[in-house]
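K.L.:
Read top to bottom, the protein sequences are chains R and Y. Per our numbering, the first sequence starts with residue 3, numbered consecutively. Per our numbering, the second sequence starts with residue 8, numbered consecutively.
Quick caveat, the hints were computed from the structure, so don't treat them as lab data. Watch out, some of these pointers could steer you wrong.
To be verified - Keeping only pairs whose Cα atoms sit at most 30 angstroms apart, straight-line, the calculated DSBU-like set for lysine-lysine is:
#  : chain 1 : residue 1 : chain 2 : residue 2
1  : R       : K200      : Y       : K58
2  : Y       : K225      : R       : K127
3  : Y       : K225      : R       : K132
4  : Y       : K255      : Y       : K236
5  : R       : K169      : R       : K60
6  : R       : K330      : Y       : K250
7  : R       : K194      : R       : K17
8  : Y       : K250      : R       : K328
9  : R       : K287      : Y       : K250
10 : Y       : K106      : Y       : K255
11 : Y       : K228      : R       : K287
12 : R       : K287      : Y       : K234
What the hints assert, rightly or not - Chain Y residues, not near chain R, derived (Cβ > 10 angstroms throughout):
#  : residue
13 : E35
14 : E92
15 : A194
16 : T195
17 : K200
18 : Q201
19 : E214
20 : A218
Where a beta carbon is used, it is the ideal one built from N, C-alpha and C, also for glycine.
In case you want the letters, here they are:
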Amino acid sequence: MADTILVVVEQREGKLNRVSWETITAGQALAAATGWPLEAAVIGANAAAIAAEVAAKKVAKVYAIESPRLEPYTPDAFAAALKQFLAAKQQKLVIMPHTYQVRDFIPKLATAMGRTVISDCIGFKHDAGKLIFTRQMFQGKLAADVSFAGDVPWFATFQNGAFRGDKAEAGASAAPVEIVPVEIADGLIRNKPQEVFKEAKQAVDLTQAEVIVAVGRGIKEQKNIEMAKNLADALGGDLAASRPICDSGWLPMDRQIGSSGQTVAPKLYLALGISGAIQHIVGMKGSRTIIAVNKDSEAPIFEIADYAVVGNLFDIVPPLIEEVKKAKAGG
Amino acid sequence: MKILVCMKQVPQKDAPLKLNESGTWIREDVSYEVNEPDAYALEEALRQREKHKGEVVVITSGPARAQQVLREALAKGADRAIHLEDDKFVGLDAFNTAKAFATAIKEEQFDLIFTGLQSDDYGYAQTGVILAELLGWPHATIIMQIEKTDAGIRVKRELEAGYFQFVDMPLPAVLTIQSGINKLRYATLIGIKQAKNKPLRKVTLAEVQSAIGGNLQKIEKLYVPQKTKKTEHIDGPPAEIAKKLVDKLRNELRVL
Ligand SMILES: Cc1cc2nc3c(=O)[nH]c(=O)nc-3n(C[C@H](O)[C@H](O)[C@H](O)COP(=O)(O)OP(=O)(O)OC[C@H]3O[C@@H](n4cnc5c(N)ncnc54)[C@H](O)[C@@H]3O)c2cc1C
Ligand SMILES: Nc1ncnc2c1ncn2[C@@H]1O[C@H](COP(=O)(O)O)[C@@H](O)[C@H]1O
Chain R
3 MADTILVVVE
13 QREGKLNRVS
23 WETITAGQAL
33 AAATGWPLEA
43 AVIGANAAAI
53 AAEVAAKKVA
63 KVYAIESPRL
73 EPYTPDAFAA
83 ALKQFLAAKQ
93 QKLVIMPHTY
103 QVRDFIPKLA
113 TAMGRTVISD
123 CIGFKHDAGK
133 LIFTRQMFQG
143 KLAADVSFAG
153 DVPWFATFQN
163 GAFRGDKAEA
173 GASAAPVEIV
183 PVEIADGLIR
193 NKPQEVFKEA
203 KQAVDLTQAE
213 VIVAVGRGIK
223 EQKNIEMAKN
233 LADALGGDLA
243 ASRPICDSGW
253 LPMDRQIGSS
263 GQTVAPKLYL
273 ALGISGAIQH
283 IVGMKGSRTI
293 IAVNKDSEAP
303 IFEIADYAVV
313 GNLFDIVPPL
323 IEEVKKAKAG
333 G
Chain Y
8 MKILVCMKQV
18 PQKDAPLKLN
28 ESGTWIREDV
38 SYEVNEPDAY
48 ALEEALRQRE
58 KHKGEVVVIT
68 SGPARAQQVL
78 REALAKGADR
88 AIHLEDDKFV
98 GLDAFNTAKA
108 FATAIKEEQF
118 DLIFTGLQSD
128 DYGYAQTGVI
138 LAELLGWPHA
148 TIIMQIEKTD
158 AGIRVKRELE
168 AGYFQFVDMP
178 LPAVLTIQSG
188 INKLRYATLI
198 GIKQAKNKPL
208 RKVTLAEVQS
218 AIGGNLQKIE
228 KLYVPQKTKK
238 TEHIDGPPAE
248 IAKKLVDKLR
258 NELRVL
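One chain only, chain Y, in its complex shape (with noise of 0.2 angstroms):
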């Protein structure tokens, strides 16, 4: 099986963000990290190649700085990558990456796209689905469990509330995968000491311009959203803050 992984880079999670001058983003000098469920699906499809044998490739757009998420997919044992280098790239809706992404692999012929359920970032929960509509594949969100059967492959989506199904379909596919699908490994010395050899082809966004346009939603403002719930708080050194938490629990809340 020949599977592609789109991995985000993302703010890292605890990163205290800071908005830019203009209020349209953040600034960028933060700390940054792979978005958590593409690291999940990176681990599922280097998972399906050792079932099935083929190759995992890894693709990303963004900045010099996302080549980062590249090195250490390569380092996990992908065998090649793609960087869709540009600053630019960052600003994108997703109607427009997932564009960038079907442009830049028109020569390829995979059997699976993976992608994450969606992005901390922007958080839109489409770029997967839309590429597969661009590509004319099938898609299933939300994705716990591949099994490649005669047909195609039998997929376990996740519902809410506990419940799950699932769903029998041909490839070509292209599935978002959800984080805790399976168990991520490390990437070893050996691993890291290979992924200097392997190849990683860059893109510009002049390679791209043609097919993507204009953006077909705008972020006006970004702001830190305001409180809307009253909240008390609790200061002090820590054994000053136990006593007025239990003084709280015991008269206000009465749960002692």
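So that you can see chain R by itself, here it is in the shape it has in the complex (with noise of 0.2 angstroms):
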């Protein structure tokens, strides 16, 4: 059998899903590391498309896996053409990214595969001949060295910025590209999808804001938001929050930010009582500067922040928008 790395690339309506690119980075790294060759796919009605933009990166050759039936995107059609794939071509180990797309269907594949995924991965070693993936656990608070107990072919996902899309290296030419015809029966898809929306209007764009002032559950109660509001006008800036706040209903949720609210950038991101799990950090990471208030001094937060205030963010605050307001004020 082969010792074979494999891709597998998220597109939607012949669009590479960016985070691809890291996933391309993760399986170069893992190919140098253990000598494997490394293959990509792509999987959809129109994969081939995409395939060619993948072969202008270093992978051994880009498989198109393809039929009318996996548009659009169900969890029945993209695990039954992908484990059809893989049972002709063997490979050792398929990594991709740890999208929602993902998660939804290879838990499914594995599954039927009598295989297991390692999710979420941030990071792998291969020590001695052993290949080791880390993943996060305890929201962040602690990390796990998770090794594979089981048969080939191995599972794993990459966290969302565990590597570097700019960084996955071109190839000198551009790799064959295979297209890969899959049958999918009558019947076999059970799922009906209706068309990808989005919620009514946002009202509020942070991803402008050059200063945000970010709450999560470290404030407790409602009421208390209205701290959090006179920092961020005391600073001149946007209050935003983590999604626990926005679903109880204390900010509305285009103040939500992370993963499945905004990404934004400022010059300034001043997180109070956010613990820092992944799914928030993806949308503020991009910050200039970070500074956190949290009274858990191994709160996964502190990992990112450049300024760390170890404490009780209420004992903080109320001082912190005197002093703001006086520097304002020229003092």
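Could you fit the two chains together into a complex? Lean on the hints.
P.N.:
Following this line, the structure appears as structure tokens:
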């Protein structure tokens, strides 16, 4: 059996999801460490168009796995198509980005093949011939080194931002593209997806904000939001929040930062009582400066903070508002 | 509608975690709570039952302590509970946990199974989807709305970056529920009292052992992540911290 690594990239309506480049970088790093050749696959009704784009990168080959039944996306069709393909090719390691789409079908695919997925990895190690994947556990408070204990193909997904997409190496020449038609039987697809849509217009656009004060569950009660608002006002910035704050209706959804909310990159992101779960981090890690206030010195938010204030936000925010006001008044 | 809700007990969000001696798991002497999306899954099941009649059954696998989540669910209105009770269930991977569940409910006929979209401890984001595949049922993930239709159900899936999608699907099905799908209720005093008399079936490891196998993935080592960014700590009494921060804001970040 060939010891091959396969990267399955993600596309939607003929456009490559940018995070796919990150997975190609991960695949190239894995190939360099293990010596296993790297191949790529695109799945869809018109996968060939995108396969050419992927073939410009340093990969041995690109497969375009095609069937008209792969559009629109359904987990039934995607799992069936990949299972058919993998059964014929027998790859050793199959990697994908940990997107909402991948997490929707990859556990099904692996289970159908009696295999497992090490999900949401942030890196890997190759020590003395043993391949280990690193993933976050306990909401990022701990990291785990995880190995495969079962048969190949092994499946792994990589977290958004774990590798740099712009580091994906170009190939010396375009890799060959093979079109692989797959059969998807009548009646196999049970879900009927409707059009993708966005909820009624967002009233607030935080993507242009220079200063953002974001509150998390550490704010404790709805009435305390006022205090954070005062700080945001004093700084001339905008108020934002982690998901649980918006879920509770304390702030509207359009102020949510993270994978299911807005992605922002202000000059200053001041995080108050936010633990720093990856789904929040992906929405704000591009901020130029991050100040985090959290009473737990081991909160994951401190891993990406430039300035860390370990303490009770209710002690720290009121004097901070006063100092900011003084500074603004020219004091 | 007959609905099964998978509810996991996980360490409390701000519980300080310590590693065990072998560095492969945490020390279990922490406080626990219900995995957050699982609480929303239960609430959704109760609401569906209120609309369409039927039954809500809750299931968990874990040590004796995990019974607490079942008791709470019964107090909130679930009809009965199933506890796969053994310390060893804690160490199973998602594949084996799902297999254990599938075996424990073999005799039951559910229309829907709800899980949370992921657990706070392992964070596999897989158990529900694996369970669907083992049962041969369709599934949909990250669900924010569920409506019964003539042919089955219509669900609203959350996609990335504020996008959504409705999906029509037949029953029976497995759905993984996202936090925030509804507003949680509190248990009432009457509910807590009634919970004591509701059926709670225990399932031993031996009863499901033949269905599960060795884990397909193994935690070699658990550790506190290394910092990659240089972080400057601002210490002192609050008033001093405020002064130091404003100094940074003005002179280094130039946002004031
Ligand atoms: C598919 C998916 C999508 C998601 N999308 C998003 C998203 O877009 N955005 C998002 O934010 N989350 C999202 N989440 C949820 C995410 O995983 C976390 O649950 C969430 O970000 C946690 O919010 P939090 O930090 O406010 O709360 P918690 O994790 O509960 O943290 C609260 C923090 O406050 C601190 N604290 C408590 N009291 C004080 C005090 N007095 N002073 C100072 N600090 C205090 C605590 O130490 C703790 O660190 C998503 C999850 C999933 C699975
Ligand atoms: N031991 C368990 N007991 C009950 N439910 C579980 C257990 N493990 C996983 N689940 C369910 O599966 C969901 C996803 O978990 P995971 O695949 O670990 O991210 C959780 O939100 C629970 O609903």
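K.L.:
All the hints need checking, so say for each whether the structure fits it.
P.N.:
Against the structure, the hints:
For the given pair, R:K200 sits about 28 angstroms from Y:K58 by alpha-carbon distance, which is consistent with the 30 angstroms threshold. Distance restraint check for Y:K225 and R:K127: the Cα-Cα separation of roughly 15 angstroms lies within the 30 angstroms cut-off, and the hinted pair is therefore satisfied. A hinted pair counts as satisfied when its Cα atoms are at most 30 angstroms apart, and Y:K225 with R:K132 qualifies at roughly 13 angstroms. Annotation: proposed proximity of Y:K255 to Y:K236 holds, straight-line Cα distance about 18 angstroms (limit 30 angstroms).
A hinted pair counts as satisfied when its Cα atoms are at most 30 angstroms apart, and R:K169 with R:K60 qualifies at roughly 11 angstroms. For the suggested pair R:K330 and Y:K250, the alpha carbons sit about 13 angstroms apart, so the restraint of at most 30 angstroms is met. For a cut-off of 30 angstroms, the pair hint linking R:K194 to R:K17 stands: about 22 angstroms separates their Cα positions. Using a Cα cut-off of 30 angstroms, the hinted pair Y:K250 and R:K328 holds, with the two alpha carbons roughly 10 angstroms apart.
Pair hint R:K287 plus Y:K250 holds up; C-alpha atoms about 25 angstroms apart against a cutoff of 30 angstroms. Between the alpha carbons of Y:K106 and Y:K255 the distance comes to roughly 55 angstroms, so the proposed pair goes past 30 angstroms and is violated. The suggested pairing of Y:K228 with R:K287 holds, with an alpha-carbon distance near 27 angstroms, which does not exceed 30 angstroms. Proximity of R:K287 to Y:K234 is assessed by CA-CA distance (about 15 angstroms); at most 30 angstroms being required, the pair is judged to hold.
The non-interface label for Y:E35 is consistent with chain R: the shortest C-beta to C-beta separation is roughly 13 angstroms, beyond 10 angstroms. Every beta carbon of chain R lies more than 10 angstroms from that of Y:E92, the smallest distance being close to 23 angstroms; the non-interface claim holds. Listed as outside the interface, Y:A194 is consistent with that label: its C-beta sits roughly 19 angstroms from the nearest C-beta of chain R, beyond the 10 angstroms cut-off. Once the 10 angstroms rule is applied to beta carbons, Y:T195 is consistent with being away from chain R; the minimum gap is 21 angstroms.
With a minimum CB-CB distance of about 28 angstroms to chain R, Y:K200 clears the 10 angstroms threshold, and the non-interface call stands. Against chain R, the non-interface label of Y:Q201 holds: every CB pair exceeds 10 angstroms, the least being about 28 angstroms. Residue placement check: Y:E214 keeps its beta carbon more than 10 angstroms from all beta carbons of chain R (closest about 22 angstroms). Every Cβ of chain R is farther than 10 angstroms from the Cβ of Y:A218; the closest lies at roughly 13 angstroms, confirming the non-interface assignment.
Violated hints amount to a single one, hint 10; each of the other numbered hints is respected by the structure.
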